[in-house]
Amino acid sequence: MITSATSAAAPLFQMDGVSKHYGGVRALENAALTVEPGRIHSILGENGAGKSTLIKIMAGVVAPDDGRMLMDGREVTFRSPAEASAAGITCVFQELSLIPDLSVADNICIARPPRRFGLIDRQAQRAIAEEALARAGANDIHPRMLVKNLPLSRRQLVEIAKALAWKPRILILDEATSALTAADVANVFSVLMRLRSEGLALLYISHRMHEIAELSDECTVFRNGHNVMSFAAGTRSNGEIVEMMIGREYSNAFPPKPERAAGTATPALTCRKLGWLDRLRDISFTLGKGEVLGLGGLDGQGQRELLLALFGVLRGTTGSVLVDGKAVTLTSPAAAISEQIGIALIPEDRKTEGLMLPMTVQENLSFSALDQVSRGGVINRKDEARLIDEMIQLLSIKTAGLDLPVAALSGGNQQKVVIAKWLMRKPKIILLNDPTRGIDVATKHEIYLLLRRLADSGTAILFYSTDYDELIGCCNRVLVLYDGSVARELKGSAMTERALIASALNVEDGHAGTPA
Amino acid sequence: MKDATREQPGAWLPKFVRRLDPAISTAFACIIVLLILGSLYSASFLSPEYLLQQLKVASFLGVISTGMMMVILLGQIDLSIPWSVAVGGMMACAAAAFGPVGETLAIPFGVACGMVIGFANGIGVAYLRIPSMIITLATNAVAQGLMVVYTGGFSPQDSATITMRYLATGFLIPGVPNAVLIWAIVGAVATFVLTRTTFGRSVYGIGNQERAAYLSGINTRRIVLIAFVSCGALSAFGGTLLAGYASKAAQSMGDSYLLPSIAAVVLGGTSILGGRGSYLGTIAGVILITLLQSILSVMQMPEAGRQITYGLVIIVMLLLYGRGPANR
Amino acid sequence: MSEWRFWLNEQRGMLMAVGIFFVMFAIYVSNHPAGLTANVVQTASNKGVLLAFVAMAQTLVVITAGIDLSVGMIFILTNALASWLVIGSPLETGFGVAAVLATGLACGALNGLIVIYGRLQPIVATIATGAVFFGIALLLRPFPGGSVNEDLADMMTGKIFGVVPSSLVALVAVILVVWVPFSRSVIGRAAYATGSSEIAAYMSSLPIRRAKFTAYLLSGLLAATGGLFLTFFTYTGEAALASGNAYTLFSIASVVLGGVSLFGGRGTAIGAVFGALAFRTIGDLLFVFDLDPLWQPLFQGVVLLVAVSLSAFGLFRVRNRLEWFG
Numbered sequence: 001m002i003t004s005a006t007s008a009a010a011p012l013f014q015m016d017g018v019s020k021h022y023g024g025v026r027a028l029e030n031a032a033l034t035v036e037p038g039r040i041h042s043i044l045g046e047n048g049a050g051k052s053t054l055i056k057i058m059a060g061v062v063a064p065d066d067g068r069m070l071m072d073g074r075e076v077t078f079r080s081p082a083e084a085s086a087a088g089i090t091c092v093f094q095e096l097s098l099i100p101d102l103s104v105a106d107n108i109c110i111a112r113p114p115r116r117f118g119l120i121d122r123q124a125q126r127a128i129a130e131e132a133l134a135r136a137g138a139n140d141i142h143p144r145m146l147v148k149n150l151p152l153s154r155r156q157l158v159e160i161a162k163a164l165a166w167k168p169r170i171l172i173l174d175e176a177t178s179a180l181t182a183a184d185v186a187n188v189f190s191v192l193m194r195l196r197s198e199g200l201a202l203l204y205i206s207h208r209m210h211e212i213a214e215l216s217d218e219c220t221v222f223r224n225g226h227n228v229m230s231f232a233a234g235t236r237s238n239g240e241i242v243e244m245m246i247g248r249e250y251s252n253a254f255p256p257k258p259e260r261a262a263g264t265a266t267p268a269l270t271c272r273k274l275g276w277l278d279r280l281r282d283i284s285f286t287l288g289k290g291e292v293l294g295l296g297g298l299d300g301q302g303q304r305e306l307l308l309a310l311f312g313v314l315r316g317t318t319g320s321v322l323v324d325g326k327a328v329t330l331t332s333p334a335a336a337i338s339e340q341i342g343i344a345l346i347p348e349d350r351k352t353e354g355l356m357l358p359m360t361v362q363e364n365l366s367f368s369a370l371d372q373v374s375r376g377g378v379i380n381r382k383d384e385a386r387l388i389d390e391m392i393q394l395l396s397i398k399t400a401g402l403d404l405p406v407a408a409l410s411g412g413n414q415q416k417v418v419i420a421k422w423l424m425r426k427p428k429i430i431l432l433n434d435p436t437r438g439i440d441v442a443t444k445h446e447i448y449l450l451l452r453r454l455a456d457s458g459t460a461i462l463f464y465s466t467d468y469d470e471l472i473g474c475c476n477r478v479l480v481l482y483d484g485s486v487a488r489e490l491k492g493s494a495m496t497e498r499a500l501i502a503s504a505l506n507v508e509d510g511h512a513g514t515p516a
Numbered sequence: 001m002k003d004a005t006r007e008q009p010g011a012w013l014p015k016f017v018r019r020l021d022p023a024i025s026t027a028f029a030c031i032i033v034l035l036i037l038g039s040l041y042s043a044s045f046l047s048p049e050y051l052l053q054q055l056k057v058a059s060f061l062g063v064i065s066t067g068m069m070m071v072i073l074l075g076q077i078d079l080s081i082p083w084s085v086a087v088g089g090m091m092a093c094a095a096a097a098f099g100p101v102g103e104t105l106a107i108p109f110g111v112a113c114g115m116v117i118g119f120a121n122g123i124g125v126a127y128l129r130i131p132s133m134i135i136t137l138a139t140n141a142v143a144q145g146l147m148v149v150y151t152g153g154f155s156p157q158d159s160a161t162i163t164m165r166y167l168a169t170g171f172l173i174p175g176v177p178n179a180v181l182i183w184a185i186v187g188a189v190a191t192f193v194l195t196r197t198t199f200g201r202s203v204y205g206i207g208n209q210e211r212a213a214y215l216s217g218i219n220t221r222r223i224v225l226i227a228f229v230s231c232g233a234l235s236a237f238g239g240t241l242l243a244g245y246a247s248k249a250a251q252s253m254g255d256s257y258l259l260p261s262i263a264a265v266v267l268g269g270t271s272i273l274g275g276r277g278s279y280l281g282t283i284a285g286v287i288l289i290t291l292l293q294s295i296l297s298v299m300q301m302p303e304a305g306r307q308i309t310y311g312l313v314i315i316v317m318l319l320l321y322g323r324g325p326a327n328r
Numbered sequence: 001m002s003e004w005r006f007w008l009n010e011q012r013g014m015l016m017a018v019g020i021f022f023v024m025f026a027i028y029v030s031n032h033p034a035g036l037t038a039n040v041v042q043t044a045s046n047k048g049v050l051l052a053f054v055a056m057a058q059t060l061v062v063i064t065a066g067i068d069l070s071v072g073m074i075f076i077l078t079n080a081l082a083s084w085l086v087i088g089s090p091l092e093t094g095f096g097v098a099a100v101l102a103t104g105l106a107c108g109a110l111n112g113l114i115v116i117y118g119r120l121q122p123i124v125a126t127i128a129t130g131a132v133f134f135g136i137a138l139l140l141r142p143f144p145g146g147s148v149n150e151d152l153a154d155m156m157t158g159k160i161f162g163v164v165p166s167s168l169v170a171l172v173a174v175i176l177v178v179w180v181p182f183s184r185s186v187i188g189r190a191a192y193a194t195g196s197s198e199i200a201a202y203m204s205s206l207p208i209r210r211a212k213f214t215a216y217l218l219s220g221l222l223a224a225t226g227g228l229f230l231t232f233f234t235y236t237g238e239a240a241l242a243s244g245n246a247y248t249l250f251s252i253a254s255v256v257l258g259g260v261s262l263f264g265g266r267g268t269a270i271g272a273v274f275g276a277l278a279f280r281t282i283g284d285l286l287f288v289f290d291l292d293p294l295w296q297p298l299f300q301g302v303v304l305l306v307a308v309s310l311s312a313f314g315l316f317r318v319r320n321r322l323e324w325f326g
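Chains as they are written, first to last, in the UniProt record's numbering: chain X, 1 to 516; chain B, 1 to 328; chain H, 1 to 326.
Hints should not be assumed to be uniformly reliable.
[Said to hold, decoys possible] Result set (EDC-like, lysine to aspartate or glutamate): computed pairs, CA atoms no more than 16 Å apart in a straight line:
#	chain 1	residue 1	chain 2	residue 2
1	X	148	H	154
2	X	426	X	339
3	X	148	H	198
4	X	273	H	198
5	X	426	X	469
6	X	426	X	384
7	X	428	X	324
8	X	257	X	390
9	H	47	H	198
[Claimed, not checked] Far from chain H, by Cβ distances over 10 Å, these chain X residues were calculated:
#	residue
10	55
11	62
12	67
13	82
14	106
15	196
16	197
17	235
18	332
19	452
20	494
21	497
Source of the hints: derived by calculation from the structure; they are not laboratory data.
Treat the numbers as computed from the prediction; the structure is a model and nothing was measured.
We put the beta carbon where it would ideally sit given N, CA and C, even for glycine.
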């Protein structure tokens, strides 16, 4: 990997032997990377492969334990993101780093505002902001708008503009398109390609294989904190890349699903023309008993909103929802989980929505089933313990003790607790919001088996996932959402990665499934 | 040094004490230190009569702090304590002026008035989502305004009923003041509710992660409302007891209970951010605060010195173990 | 959107407070037996300015998403101190004023240190420091008394050219010297950013701690300015617990009326100043309508309750119930 170190031929940026440990956990081990100007360099790898640590080190957020970084052949160290930015490396974070109550111009110039007599020069600031917005292809955003009044996709463009205001030589984009609609992604891509032609080096991190194929000049795959391989884009097949990422032969790890003719199952949940603001439009579908129905599409096309609407969280929904053939009104999660309706939602973020991290494993497990283990509001500890034992067995949750805080469990076991917590109610319909995100492969496999078992015993499952393989492997049918409505319904052999991607981007694919 | 105290709180203590929350054991350790300090100053400090007297004084704070603890466990705060206490005492005494019926209904009426204040707080926090600190300040101001109008700006003339006096100063069990008995009952009920009921679990759940509690199908708004109503009721009940203790109610009777009740709860290891804490800690906090006040008054320190010492001690103790998480 | 619409949007909270103030003041003056005279304006200004200073003090802390429940006590403490020090020859008086303001800064610094570096919750920390400040005030003035340089006091509470109340001029001067530079400085923007989203401010590597500390520091200074003016108006110092509590409470009411978000990140001290003036005028309306002054606390309490409940109206626009939980 290491090229000749003579200063004339020195690459723009180079790191080698870089390691980083968090406590006993190895995040990065002897990693090397070379970045050249005017190129888009993609970084691939599973969760926990070390990508985000790599970026954090380059952007000055964390300091490496070992190794060195060179820019133009000279060794550099960054003590803060500001130092890295000043040296020419800027990272576009997800919308996290924008201040909602400040204007777009304030945000773009937040780190280095132009000053006159010691005070912020608003005119100069505005000029800088306008220039940066123009470079980011977002001329339509007024610099005086408050960030909180901008839709998510526009905020991402402001993030890019904010990074460009540093006039960086290396721009790092970390999952920068995850919140964008297809049209915005195309827009961002054209901006990125223009920046490349201006001589900028771009480091692009994404989980979306097709984006990487479309955009990058070269790729580096990371695994277990180490760079496994670098190659020119287009020289390896997706299968080969996946193998590099997981480090073994890529095999189908999904349990077999029974062949069934769709539509023959008794309907458990029926949605008729469900709408909410402009985020959900006329969504209609039927979910049968024992069926696993997938929700696909790019992130942020209304999948989360659909699940929340079915769980009674959203206000002002239109259309109707039928459970077991009877129309129901869903005004709160408390109503949705009631005996008659029996819906459960495994939420997206287990840390803020699924669990109370400081509370014990036991308290978390029984939290949503308290009414089933209590009488007159008093908890029956025997009943509680019995039910909890059952669930621990069923999901084989590994814990050193039920009275430990759930925060002490591993991520995979925490996710099992979230699922177990809902299975305790024996729901008839389970809504899953990307339940395997950030989970190790073994636990993922267990979750797939569990879903299949639940479905076989008659539970209806609505399964949203950002992972196409998962949808194909687990679901009987997949609804692909685009801009708040069902763009395509895929089933049987029509469920291919190619068809899913094409439908997600809402483009014709020739041999995709039936248009909805 | 400071870190050492936090990580190894009293390693010299017996095992069952060490298994306690470090905050609670620290609080009990402080109580022992205060008792020793007090006995150095005056030999009568350790006499049973004096200690029982302290426990009796602590009971009023104990009852009020129980309500405060419910609210703090939710991650909220109730700053309407001063006038909830005063309203409880004053309205109970006012009812007593209305013949025998009034006499019987005096305490329920006083408590009911406190519940109204708590209800307003609960509606504001749970349903209108106004920060609790703000809405409770506002209801406190309204309650004060109402009482000023009611009394005409003078100290109320009605006096406490016999029952109120009996509850505050009498002895049902020889040797055990009724006030202590009442605190014991209130404390036992609170402990039961917090540890054994769905309500208690929900309170801890909401305090830890309200979003997750809501998505778990808990009617979070109702829980918050009930907690605030209980806090109002307990404060007003504390007020009726105080009125019974002093034989009458006074305008400013609640002023000296706001900071102590918050301090007692927080010094007892309940996180001000909610979700963590036990009633045992609150008991320790209440006794600690009461002893501190008592020592300051035994030393005949003037009001000014008492305020300063008091504020400083609370800040120092919080710095020792009530700090928020380091965010980086 | 055109430029002025943006301006209108940015200043909406403040403009609302300005509107309420002028309407209330018009009602007040038109029902006042003396009508709109320089004396009426002077009296109103002298009363309003005190709260305005304390409200500005509160604003600075609230912008960083904190709260200072000790502002009223700093106000009382500096009043008690001023009644000892701001006396004698012009030089001595000058030193006295400087000492009083320095005390305010010290109080603010203490709050800041405890909240930021001690990582205590602002509510509990400032209630406790408030007790300390009040105790010191009580030490200084166990009984009401003391005196002040009357020449200076009369100058600061009188009228300039027989028309303009000098207290109002002083208020404007303080806004120009303290608030305007703060709000336009890098540190001031960091304070707004911290209040709006601390995590985003951290990701943008802003000086969060320095910004918060500056806010608490200046808050102490402004509260002390208020205490100084209280001494100018009353000629004495008094450690009045009720008055301290009332000013803390009213400062929060003023901040809310002035369009400053209690969640931090939004609003200006100028808005809070108008909020304070409006709140004072509302309280004084009772007098011109000859109502029993006994009703004043209740009336002010209800105004506060309504003001804080108004902010809840945004709730009805919430379509995703998860937004309730921030």
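Evaluated hints:
Straight-line distance between C-alpha atoms of residue 148 of chain X and residue 154 of chain H comes to about 48 Å, which puts the hinted pair past the 16 Å bound. About 9 Å separates the Cα atoms of residue 426 of chain X and residue 339 of chain X, which keeps this hinted pair within 16 Å; it holds. Proposed proximity of residue 148 of chain X and residue 198 of chain H is supported: the alpha carbons are some 15 Å apart, at most 16 Å. Between residue 273 of chain X and residue 198 of chain H the CA atoms are separated by roughly 40 Å; this puts the pair beyond 16 Å, and the hint is violated.
At roughly 28 Å between alpha-carbon atoms, residue 426 of chain X and residue 469 of chain X are farther apart than 16 Å, so this suggested pair is violated. Taken as a hint, the residue 426 of chain X and residue 384 of chain X pair is honoured in the structure, with Cα atoms around 15 Å apart against an allowance of 16 Å. About 10 Å separates the Cα atoms of residue 428 of chain X and residue 324 of chain X, which keeps this hinted pair within 16 Å; it holds. For the hint linking residue 257 of chain X to residue 390 of chain X, the alpha-carbon distance of about 25 Å lies beyond 16 Å, and the restraint is violated.
Restraint check: the Cα-Cα separation between residue 47 of chain H and residue 198 of chain H comes to about 36 Å, which exceeds 16 Å; the hinted pair is violated. With a least beta-carbon separation of about 13 Å from chain H, residue 55 of chain X lies farther than 10 Å from that chain, consistent with its non-interface assignment. For residue 62 of chain X, the condition that its CB be more than 10 Å from all CB atoms of chain H holds, with the nearest at approximately 13 Å. Interface exclusion of residue 67 of chain X from chain H stands, the closest Cβ pair being 23 Å apart, more than 10 Å.
Here residue 82 of chain X does not stay apart from chain H, with its beta-carbon only about 5 Å from theirs, under the 10 Å limit. Once the 10 Å rule is applied to beta carbons, residue 106 of chain X is inconsistent with being away from chain H; the minimum gap is 7 Å. With 10 Å as the threshold on Cβ separation, the claim that residue 196 of chain X sits away from chain H holds: the shortest Cβ distance comes to roughly 25 Å. No beta-carbon of chain H comes within 10 Å of the beta-carbon of residue 197 of chain X; the shortest separation is about 29 Å.
For residue 235 of chain X, the condition that its CB be more than 10 Å from all CB atoms of chain H holds, with the nearest at approximately 36 Å. At roughly 7 Å, the least C-beta separation between residue 332 of chain X and chain H is not larger than 10 Å, which violates its mark as non-interface. Distance to chain H confirms residue 452 of chain X as a non-interface residue, since its nearest Cβ pair spans about 30 Å, more than 10 Å. At roughly 33 Å, the least C-beta separation between residue 494 of chain X and chain H is larger than 10 Å, which holds for a residue marked as non-interface.
Distance check on residue 497 of chain X: its Cβ is at least 32 Å (rounded) from any Cβ of chain H, clearing the 10 Å threshold; non-interface status holds.
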